[in-house]
Amino acid sequence: MISTLFTSILSIWLLILSARVIALRGASFLKFFAFNNFGEKALSRSVRAQGNFIEYTPFFLILLFIAEFNGSHPHFLYLVSCLYLISRLMHGIGFGFMRHSPFLRVGGITLTFVSILMIAVFNIYEVVSSF
Numbered sequence: 004m005i006s007t008l009f010t011s012i013l014s015i016w017l018l019i020l021s022a023r024v025i026a027l028r029g030a031s032f033l034k035f036f037a038f039n040n041f042g043e044k045a046l047s048r049s050v051r052a053q054g055n056f057i058e059y060t061p062f063f064l065i066l067l068f069i070a071e072f073n074g075s076h077p078h079f080l081y082l083v084s085c086l087y088l089i090s091r092l093m094h095g096i097g098f099g100f101m102r103h104s105p106f107l108r109v110g111g112i113t114l115t116f117v118s119i120l121m122i123a124v125f126n127i128y129e130v131v132s133s134f
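For the sequence shown, the working numbering assigns the number 4 to the initial residue and increments by one for each residue that follows.
Read the hints as simulated data drawn from the structure, not as lab findings.
Ideal placement from N, C-alpha and C gives every residue a C-beta, glycine not left out.
Keep in mind that the hints are not guaranteed to be accurate.
To be verified - Restraint ranges, calculated between C-beta atoms of paired labels, are given here:
| hint | residue 1 | residue 2 | range |
| --- | --- | --- | --- |
| 1 | Pro77 | Val124 | 29 to 39 Å |
| 2 | Val117 | Ile15 | 20 to 30 Å |
| 3 | Ser47 | Gly74 | 42 to 52 Å |
| 4 | Thr7 | Val124 | 20 to 30 Å |
| 5 | Leu17 | Gly110 | 12 to 22 Å |
| 6 | Ser133 | Lys44 | 48 to 58 Å |
| 7 | His76 | Arg102 | 34 to 44 Å |
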């Protein structure tokens, strides 16, 4: 159920990032998402924020599902999932919606790496300790 919840929440965030890209490409029906438009650079940054999300999120969700399927403690799963969600929100907002925010961008990607590393190492530990 935890992987279902976070897959759903992260999917909604992907739709928001995608709406931003579509709006910056000129879709008038999504002009609400085109705020803070600073030209071609805004579009480029929004495309990369969306792309970055798409590159990392599937791996995290697969690792989360595996950990949940193997019966990992829910508190750990919620902790690492919340950390990942916060990291993706930070990075997406800092890179896709703002002109310049190194704290959100760098902090977001750092927390992304930390959360993926945490759950990957945890899954490896679970397998190795079962021998």
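Is the hinted range of 34 to 44 Å satisfied by the C-beta distance from histidine 76 to arginine 102?
41 Å, holds
So does proline 77 sit 29 to 39 Å from valine 124, Cβ to Cβ?
With Cβ atoms ~18 Å apart, the hint is violated.
Beta-carbon spacing of leucine 17 to glycine 110 - inside the hinted bounds 12 to 22 Å or not
20 Å, holds
Between serine 133 and lysine 44, is the Cβ distance one that fits in 48 to 58 Å?
50 Å, holds
Valine 124 and threonine 7 - C-beta distance against the hinted 20 to 30 Å
23 Å, holds
Is it true that the C-beta distance of valine 117 to isoleucine 15 lies inside 20 to 30 Å, as the hint says?
23 Å, holds
Confirm or reject the claim that serine 47 and glycine 74 have a C-beta distance inside 42 to 52 Å.
43 Å, holds
The structure is inconsistent with hint 1 alone, although it conforms to all the rest.
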